[in-house]
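Residue numbers (my numbering): -1 to 181.
Note that these hints are calculated values from the structure, not bench results.
Backbone N, C-alpha and C define an ideal beta-carbon position, used for all residues, glycine too.
A portion of the hints provided could be inaccurate.
Claimed, not checked - Result set (DSS-like, lysine-lysine): computed pairs, CA atoms no more than 30 Å apart in a straight line:
{"hint": "1", "residue 1": "LYS61", "residue 2": "LYS83"}
{"hint": "2", "residue 1": "LYS61", "residue 2": "LYS109"}
{"hint": "3", "residue 1": "LYS125", "residue 2": "LYS109"}
{"hint": "4", "residue 1": "LYS52", "residue 2": "LYS83"}
{"hint": "5", "residue 1": "LYS109", "residue 2": "LYS169"}
{"hint": "6", "residue 1": "LYS130", "residue 2": "LYS166"}
{"hint": "7", "residue 1": "LYS157", "residue 2": "LYS169"}
{"hint": "8", "residue 1": "LYS109", "residue 2": "LYS83"}
{"hint": "9", "residue 1": "LYS171", "residue 2": "LYS134"}
{"hint": "10", "residue 1": "LYS111", "residue 2": "LYS157"}
{"hint": "11", "residue 1": "LYS111", "residue 2": "LYS125"}
{"hint": "12", "residue 1": "LYS55", "residue 2": "LYS83"}
{"hint": "13", "residue 1": "LYS70", "residue 2": "LYS135"}
{"hint": "14", "residue 1": "LYS109", "residue 2": "LYS171"}
{"hint": "15", "residue 1": "LYS109", "residue 2": "LYS33"}
{"hint": "16", "residue 1": "LYS55", "residue 2": "LYS125"}
{"hint": "17", "residue 1": "LYS134", "residue 2": "LYS104"}
{"hint": "18", "residue 1": "LYS52", "residue 2": "LYS70"}
{"hint": "19", "residue 1": "LYS33", "residue 2": "LYS111"}
{"hint": "20", "residue 1": "LYS70", "residue 2": "LYS104"}
{"hint": "21", "residue 1": "LYS135", "residue 2": "LYS33"}
{"hint": "22", "residue 1": "LYS33", "residue 2": "LYS52"}
To be verified - If you anchor each label on the Cβ, the simulated ranges turn out as follows:
{"hint": "23", "residue 1": "GLU23", "residue 2": "ASN176", "range": "51 to 57 Å"}
{"hint": "24", "residue 1": "GLU145", "residue 2": "PRO49", "range": "39 to 45 Å"}
{"hint": "25", "residue 1": "ILE59", "residue 2": "LEU175", "range": "56 to 62 Å"}
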Amino acid sequence: MSEQRVSGRYAKSLIDLAIEQNLLEAINADILAFKAAIEQNRALESLFRNPIVKGDKKLTILKQIFGASFNKLTISFFEIVIDKKREYYLLDIANAFIAQYNVINKITTAKVKTAVTISAEVIAEVKSFLEKQTGKKVILETTVDSEIIGGLVIQMEDKLYDASISGKLRKAKHELLNTYISK
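From just these sequences and the hints, can you work out the full model?
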């Protein structure tokens, strides 16, 4: 079975159980913390993906790190995943869970790239504009890339809005070349 199917099914099961027990927000917080910990410590990810380390050892480490702060349902879920020898997929399951949670709660992520750091007011304006356009809550991720010269580039879901100076220059160059070639 593909990684996406396995991850999606486990994530869906956890979401359904969390909704049933009215713990969706708590489980989401746990999964976000788990994902952040894995991304900040690649050795932890390597541990879960290592087939040589036994499952009970992985579970012990997981409980030592997260046992005190995570909901019991989250820990029980991790136990099931490890018992089924699917710990290799834990990060993928976390990503699938977050994606499904975002769909349920109408949340989307937008990446905004600018030439210089933008102020909190501009971020708030962009966020407000995107939320009005999509009807969803938008989480903005901002990055600075001096190569775009000015303006901004927004990537959201499967759409790309390029309002950068470098994008406009690229478009003008393309149009000039096409005009010259066609005559």
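- Message: Are any of the numbered hints broken by this structure? If so, which, sorted upward?
- Response: 2, 8, 9, 16
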